[in-house]
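**Student:** Fit chain B to the known structure of chain A by using the hints.
Here are the chains, one letter per residue:
Number of protein chains: 2
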Amino acid sequence: MVVGVDVGGTNIEVGAVDSDHHVLRRAKAATPEGGPDDVLQTITALVRSLDVHPIAVGIGIPGVVHEGRALTVPNLIGWTVDVDLIGPLTEQLGVPVTLGNDANVGLLGEWTAGAARGGRNVLGLWMGTGIGGGLILDGRPYVGSRGAAGEIGHVIVSAGGALCTCGRRGCAEAYAGRRSMRGVATAMVDAGWETSLFRIRDDEHKTKLTSKVWARALEEDDPLAVKLFDTAIETLGVAVGSTINLLDLDRVVIGGGLAEKLGQDLADRLFDAATPWMLKPNPELKFVVSELEDDAGVIGAAVLARAGLITT
Amino acid sequence: MVVGVDVGGTNIEVGAVDSDHHVLRRAKAATPEGGPDDVLQTITALVRSLDVHPIAVGIGIPGVVHEGRALTVPNLIGWTVDVDLIGPLTEQLGVPVTLGNDANVGLLGEWTAGAARGGRNVLGLWMGTGIGGGLILDGRPYVGSRGAAGEIGHVIVSAGGALCTCGRRGCAEAYAGRRSMRGVATAMVDAGWETSLFRIRDDEHKTKLTSKVWARALEEDDPLAVKLFDTAIETLGVAVGSTINLLDLDRVVIGGGLAEKLGQDLADRLFDAATPWMLKPNPELKFVVSELEDDAGVIGAAVLARAGLITT
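Chains A and B, in that order, give the protein sequences. Under our numbering, think of the first position of the first sequence as 620, with each following residue one higher. Under our numbering, think of the first position of the second sequence as 620, with each following residue one higher.
Keep in mind the hints are simulated off the structure, nothing from the lab. Note that the coordinates shown come from a computational prediction; the quantities given were computed from them, not determined experimentally. Mixed in with the good hints, there may be bad ones.
Said to hold, decoys possible - Which stretches of chain A does chain B cover? Using the computed rule of at least three CB atoms under 8 angstroms from a CB of chain B, they are:
1) 754–765
2) 768–774
3) 862–871
4) 891–899
The beta-carbon is built from N, C-alpha and C at its ideal position, and this holds for glycine as well.
Next comes chain A alone, as it looks inside the complex (with noise of 0.2 angstroms):
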């Protein structure tokens, strides 16, 4: 048995995972806001609460990991710093502890045990408040000369177009991650537009446009959620084509939020958006959505934290 952690923007969830990669038990806290020391005080509360005996334990964090420490962390509140997170979780836990980044954690649960399963080239592309990315290359993870590879929602689309939240114009996320779509949609709204999005989104006791949101806006046939979802694909498909065109790929799988509730017609809808920009068409090539969707993210660490045991 191994534990999985998961470090989200919003949660941390762990897991106990098999050697079959089943996730036996789980926990689940908010993410804690107060900084790195929070945060590990929280992961070792919930791997314990989980009541088993890992042999090892694997940590996916939203930040670039290099060597082991965690350079930059983004998306979580308080984490400025360079931080060494494997020292004291290996002391407190008292097994090996191995880190790596969420996005390429998240395709290696999905290669060991879900949708990415035997492809040689693989992005994974997962749809959230922002647009994530990892990828697998010639049949092993691929993270670049400082792990800070797989920035799909950071290929641009259409230079000097909309402000993305990197501060830079025209990146894919500036037009399909959902913090971006959010803000558009408000001003949209402000300007006359009208949209049941903010409705659905009081409707389900939720404080921003969820994933769950946006698929019930797009049932209803929301004319303003249809057309910025439509955008969204449009361009993901378009930083889908430049990226096949530069790594030949064999297969895309689309994970979050939205790939969990919209299936496969999504990876079918992205699939018909990337196809134009691609120069070789690989009849081989397959577009699919994640399998283990939310549990992505733990079975994962776990591949991580086994991994780890044999190279360490």
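**Tutor:** For chain B alone, kept in the frame of chain A given last:
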């Protein structure tokens, strides 16, 4: 001694290369326009004309190479079908023959004996009639699922923008490939702009706007040439920025005729153009120009020949 063969759209160059990657003898002929059989005969004649006894031959061709076969060779006239080059050439030359894509082979040369030496994650960007590219990832050549990877010229920088020779709109090559730049220059002259580009072309007894013509026009501060070249660099900066966000590279090597003529200044300009688009600038990242210049293809093909002896 091995022989490296560099098949280009204009010329075929061959060189006898020693184990220190020095080209000891050379031969060159115009690329025949009658299709694959003529190309095969020219290669055989050129290799024999060197009057050496190579232990192996390596060939770089401007097309997609997969499992030893040239699948598509868009820039060679009369070459429309999937052709077996290795079988006939092995028979005629009597030594093992290995085949690769020209852009990948050029980068292999630079990586083994030139400006990409020591790079772990490298993009090779070749500025020519089109924009070619090759990748070294995780310390080895990366060619993708079907040998079609590296197409930096068809990374989209502005979806729906300028018409590319590939038929799509907004590829980097549509702004930075010499064929596209000549089209824009011609249209702008028709629209009343003045330029010394075509006078220099005639002075140099060329039929096309070669890199030499562009270099002279830039030296003379010809306003139209400067304007189009600025756009080319800005556009390549976007494509390279996207690529760095995706692949977290440590080196970019720029080759082709203009790199030879403009030198490190070209690499510095491209670095400045790419930097604003990089999500997490890497202090270790270097932009350099080709060291092997015109010989990159022949030397890279020789490296491929030696690798073929080991792996097959």
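**Student:** So which hints don't hold here, by number, going up?
**Tutor:** none
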